[in-house]
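2 protein chains.
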Amino acid sequence: MEVHEIVWEDFPVLQQELGAFETLLQSQFGVSKKNSYLDKLSLEVIKSGGKRLRPAMTIGAAMAGEYRREKVLQAAVGIELLHTATLVHDDIIDNASLRRNNPTVYASEGVSTAVFTGDYLLVKAVLSLVLAGLPVEYLKQAALGVQAVCVGEVEQYRGRGELPGFKTYLSRIIRKTGALFAASCLVGAHLAGFGEEIIKRTARFGAYYGIAFQIKDDLLDITGKKNSIGKPVGNDLKEGIVTLPVLMAAARDDNVRLELEGFLNTQKSGRINKREMARLLKDVTASGGLEHAKNIQRRYTAKAGRFLAGMPDSEGKEILSFILASTFKEV
Amino acid sequence: MEVHEIVWEDFPVLQQELGAFETLLQSQFGVSKKNSYLDKLSLEVIKSGGKRLRPAMTIGAAMAGEYRREKVLQAAVGIELLHTATLVHDDIIDNASLRRNNPTVYASEGVSTAVFTGDYLLVKAVLSLVLAGLPVEYLKQAALGVQAVCVGEVEQYRGRGELPGFKTYLSRIIRKTGALFAASCLVGAHLAGFGEEIIKRTARFGAYYGIAFQIKDDLLDITGKKNSIGKPVGNDLKEGIVTLPVLMAAARDDNVRLELEGFLNTQKSGRINKREMARLLKDVTASGGLEHAKNIQRRYTAKAGRFLAGMPDSEGKEILSFILASTFKEV
Numbered sequence: 015m016e017v018h019e020i021v022w023e024d025f026p027v028l029q030q031e032l033g034a035f036e037t038l039l040q041s042q043f044g045v046s047k048k049n050s051y052l053d054k055l056s057l058e059v060i061k062s063g064g065k066r067l068r069p070a071m072t073i074g075a076a077m078a079g080e081y082r083r084e085k086v087l088q089a090a091v092g093i094e095l096l097h098t099a100t101l102v103h104d105d106i107i108d109n110a111s112l113r114r115n116n117p118t119v120y121a122s123e124g125v126s127t128a129v130f131t132g133d134y135l136l137v138k139a140v141l142s143l144v145l146a147g148l149p150v151e152y153l154k155q156a157a158l159g160v161q162a163v164c165v166g167e168v169e170q171y172r173g174r175g176e177l178p179g180f181k182t183y184l185s186r187i188i189r190k191t192g193a194l195f196a197a198s199c200l201v202g203a204h205l206a207g208f209g210e211e212i213i214k215r216t217a218r219f220g221a222y223y224g225i226a227f228q229i230k231d232d233l234l235d236i237t238g239k240k241n242s243i244g245k246p247v248g249n250d251l252k253e254g255i256v257t258l259p260v261l262m263a264a265a266r267d268d269n270v271r272l273e274l275e276g277f278l279n280t281q282k283s284g285r286i287n288k289r290e291m292a293r294l295l296k297d298v299t300a301s302g303g304l305e306h307a308k309n310i311q312r313r314y315t316a317k318a319g320r321f322l323a324g325m326p327d328s329e330g331k332e333i334l335s336f337i338l339a340s341t342f343k344e345v
Numbered sequence: 015m016e017v018h019e020i021v022w023e024d025f026p027v028l029q030q031e032l033g034a035f036e037t038l039l040q041s042q043f044g045v046s047k048k049n050s051y052l053d054k055l056s057l058e059v060i061k062s063g064g065k066r067l068r069p070a071m072t073i074g075a076a077m078a079g080e081y082r083r084e085k086v087l088q089a090a091v092g093i094e095l096l097h098t099a100t101l102v103h104d105d106i107i108d109n110a111s112l113r114r115n116n117p118t119v120y121a122s123e124g125v126s127t128a129v130f131t132g133d134y135l136l137v138k139a140v141l142s143l144v145l146a147g148l149p150v151e152y153l154k155q156a157a158l159g160v161q162a163v164c165v166g167e168v169e170q171y172r173g174r175g176e177l178p179g180f181k182t183y184l185s186r187i188i189r190k191t192g193a194l195f196a197a198s199c200l201v202g203a204h205l206a207g208f209g210e211e212i213i214k215r216t217a218r219f220g221a222y223y224g225i226a227f228q229i230k231d232d233l234l235d236i237t238g239k240k241n242s243i244g245k246p247v248g249n250d251l252k253e254g255i256v257t258l259p260v261l262m263a264a265a266r267d268d269n270v271r272l273e274l275e276g277f278l279n280t281q282k283s284g285r286i287n288k289r290e291m292a293r294l295l296k297d298v299t300a301s302g303g304l305e306h307a308k309n310i311q312r313r314y315t316a317k318a319g320r321f322l323a324g325m326p327d328s329e330g331k332e333i334l335s336f337i338l339a340s341t342f343k344e345v
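Chains as they are written, first to last, in this note's numbering: chain A, 15 to 345; chain B, 15 to 345.
It should be emphasised that the hints constitute simulated quantities derived from the structure, not laboratory data. It is possible that some hints are incorrect.
To be verified - For lysine-lysine, the following DSSO-like pairs were computed, each having C-alpha atoms within a straight-line distance of at most 30 angstroms:
1. A/Lys54 / A/Lys181
2. B/Lys181 / B/Lys214
3. B/Lys85 / A/Lys154
4. A/Lys85 / B/Lys85
5. A/Lys181 / B/Lys54
6. B/Lys181 / A/Lys54
7. B/Lys54 / A/Lys65
8. B/Lys252 / A/Lys54
9. B/Lys296 / B/Lys252
10. B/Lys54 / A/Lys252
11. B/Lys61 / A/Lys54
12. B/Lys54 / A/Lys154
Claimed, not checked - Some but not every residue of chain B turned toward chain A, in silico, with C-beta under 7 angstroms:
13. Ile106
14. Tyr134
15. Val150
16. Gln161
17. Cys164
18. Val165
19. Val168
20. Phe336
Predicted, not measured: the structure shown is a model, and the values here were computed from it. Ideal Cβ positions, reconstructed from N, Cα and C, are used throughout, including at glycine.
So that you can see chain A by itself, here it is in the shape it has in the complex (with noise of 0.2 angstroms):
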C-alpha cells in the first residue's frame, strides 16, 4: 500500500480557505511574554504539519451552505486545536519519540510538559469554539466528542495485550478518531445554517469518513514505510494494541491466533521480541488479514459516500467529496 497524501492544489477554493485558516490558526499563538513557552511549544506542534482533514472538513460543510467565513474559520480552528490537543496526550500514552517526522513534545519536553501542553490547548481550542459564535448545544457536542476520545484512548490502553472482538475494535474506533470528525462536519454544517435533518447527516458522514480513516491509519501502522507517516511501523503491536489487520487474521487462523497470544504475553513483560513480531506481520499478510481489513475500510467508504449523496449539490458538497476521493484513493 502507498500512502496518498491529499493535494489541495487540486481545489483552489478550498486550498484558498485553508491558507485563511493556517494564518489564523497560527496567530492565536502570539508569543506573549507571559506564556511564551508553553506558546513556543504549540506553534512547533501547530507548525510540524498535519494534512488538516478536520478544518477541511468543517470548511467544505459550511460551504455546502451559506458561508460565513469569520465565523467558520474560527470554528475550525477550534477543531483543529481540539485535534492537536489530543494528539499531544496520546503522545504520551502511546510512548511515542515521532509524530510527522519531528520528536513529540513528550520525547523533547517530558511528561509533565506535555501533560500541560496539551491542556493549555484544550482550553485554547474551547475558547476558539465559543469565539465562533457556537450556540451551546453545538459547544456540548463538541465537548461529547473531546470526551468520546478521551474514552476511546483509555479503553484501548486498557484493551492492551488482548485481543478485542471486531465490535469492540469498531467502538473504540468511533470514540478515537470518528467522533472528532464527526464534530468537525456538525459544526460546519450548522453554520452553514442547515436544518437538523441535513446537520445529522453531515456528522454521519464525518463518523464513517473517520472509522475508514482509522482503518486506513491501522494498515498503514504495519504496511507503511516508516517515513511515509513519521512513525515507526509496527508500533501499534509493539504498545500492545491489536488493531484490525492483526484482528481478522487471528479470527481466520488459529496459527496467527496462537502466534499473536505468545507475542502479546511476551510484550506484557516488557519485551519485544524483533524475530517474532516480523513473523507475526508476515503471517497476518499470508492470511489475508490486511486484505481483508482493507474490504471493511471500503465499506466504510462507501457509507460515507452514501450519506454524502443525500446532501443538495453544492461547492461544498464537492470538497467533501473531494476529501473522501483523496484519502481513499486506490492505484
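Chain A is fixed; fit chain B onto it per the hints.
The following block gives chain B in isolation, referenced to the frame of chain A:
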C-alpha cells in the same frame, strides 16, 4: 502551625448552598454505560474531598448581588471541575502518590489514564460554564485562568533545582493558584449582576486570597503533619521546588543557601539525602524562614481583606469574609 479546616457549619446559608452544589457536582457523573470507567474515576476524585473553597467563593460573590441560584451552582460546578482537572494533571507532574489521603489517579491507574481523566474533567468543566450561561467574555476569563495554571505549573516544573527570586516565586503562585481563585470570584460577581468595577475588585480579592493560600500551603508542606494535608511532608523540596520559606531563609542566611545548593545538586541526580533534607529544613526554621514567609502571607491576607472591604455590604460579602477569616485563622 496547625491546619485550620474551615467549618462550613458555622455559616448555615453557605453550608446549604454547598450541599446543593455537591449534589449537582456528583450528578455530572451519572454512570452511563458509555463512559463508565472515566465517570467512575472522576467521581472517585470528586468524592475524595477537598474543601470546595472555589465554589464557595463563587457562591459568596454571587450572593453579594442578585442570587440566581441555578446558574451560580452550575458555574460553581464548572469552577470546581476545572480545579479538579488541574489537580489530576498536577499529580503527574508532582509525581504524587497521595492526595487528600487517597491514592492519586496517577498512582493507582498510571500516567496514561490520569492524562485522559484530567482531559475528561476539563471538558466537562468548560461545558458546565457554558451551560451556566456565562457570556463569551467571562468564559474567556475562565479559560485564561486555566491557561495561567498551565503556565504556572510548567514554569515551576522547569525551575526545579533552582533558587527563584521572590518575584519569580510570586508570579508563579499567582498563575498556579491565584488565577483560578480570581476566576471563581469573577464568575460569581458577574452572575450577581455587578458592574465591571465591582467584578474586578472581587476578582482581585480572589487573586490575593489565592496568593496567601498558596503561601500557607507551602508552609504546610514544611511544617504540616503528613495526615493533615494528605501529602508527605517536604514534598516540594524532594521535587526540587524551592518555596517561600526556603527562599527567604536562603536570602537571609548564607549557610542555608549553601546547604540548599548542596541539597539541590544531590536532588538533581535523582537522589534524596533524608538527613541532609532534615537539617536543611531545621536550619530554614532556625533562620526565621517560616516566620518571614508567614508575615508575607499575612500581608496578602490583609490585601485581600481590603479589597473585600470595598464591596457593598451583603450576606455574600459576609460569606467571603468568613472564608478569608477561617482560612487564615491563627490560634
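Here is how each hint holds up against the structure:
1. Proximity of A/Lys54 to A/Lys181 is assessed by CA-CA distance (about 41 angstroms); at most 30 angstroms being required, the pair is judged violated.
2. A hinted pair counts as satisfied when its Cα atoms are at most 30 angstroms apart, and B/Lys181 with B/Lys214 qualifies at roughly 23 angstroms.
3. A distance of roughly 17 angstroms separates the Cα atoms of B/Lys85 and A/Lys154; the hinted pair therefore holds under the 30 angstroms criterion.
4. With a C-alpha separation of about 27 angstroms, the suggested pair A/Lys85 and B/Lys85 falls inside the 30 angstroms cut-off, and the hint holds.
5. Between A/Lys181 and B/Lys54, the direct Cα distance comes to roughly 23 angstroms. Compliance with the 30 angstroms bound is thereby established for this hinted pair.
6. A C-alpha spacing of about 23 angstroms is found between B/Lys181 and A/Lys54, which places the hinted pair at or below 30 angstroms, so the restraint holds.
7. For the given pair, B/Lys54 sits about 36 angstroms from A/Lys65 by alpha-carbon distance, which is inconsistent with the 30 angstroms threshold.
8. Pair hint B/Lys252 plus A/Lys54 holds up; C-alpha atoms about 29 angstroms apart against a cutoff of 30 angstroms.
9. Between the alpha carbons of B/Lys296 and B/Lys252 the distance comes to roughly 15 angstroms, so the proposed pair stays at or under 30 angstroms and holds.
10. Restraint check: the Cα-Cα separation between B/Lys54 and A/Lys252 comes to about 29 angstroms, which is no more than 30 angstroms; the hinted pair holds.
11. As the CA atoms of B/Lys61 and A/Lys54 are separated by approximately 37 angstroms, the hinted pair breaks the 30 angstroms bound.
12. At most 30 angstroms may separate the alpha-carbon atoms for a hinted pair to count; B/Lys54 and A/Lys154 meet this at roughly 21 angstroms.
13. The closest approach between the C-beta of B/Ile106 and any C-beta of chain A is roughly 6 angstroms, which is under the 7 angstroms cut-off, so the hint is satisfied.
14. Checking B/Tyr134 against chain A by beta carbon gives a least distance of about 5 angstroms; that is within 7 angstroms, so the hint holds.
15. Here the hint on B/Val150 is kept, as its CB sits about 6 angstroms from the closest CB of chain A, short of 7 angstroms.
16. The interface hint given for B/Gln161 is met, as the beta carbon of that residue sits about 5 angstroms from the closest beta carbon of chain A, less than 7 angstroms.
17. Annotation: interface hint on B/Cys164 holds; nearest CB of chain A at approximately 4 angstroms, less than 7 angstroms.
18. Here the hint on B/Val165 is kept, as its CB sits about 5 angstroms from the closest CB of chain A, short of 7 angstroms.
19. Annotation: interface hint on B/Val168 holds; nearest CB of chain A at approximately 5 angstroms, less than 7 angstroms.
20. Checking B/Phe336 against chain A by beta carbon gives a least distance of about 31 angstroms; that is not within 7 angstroms, so the hint is violated.
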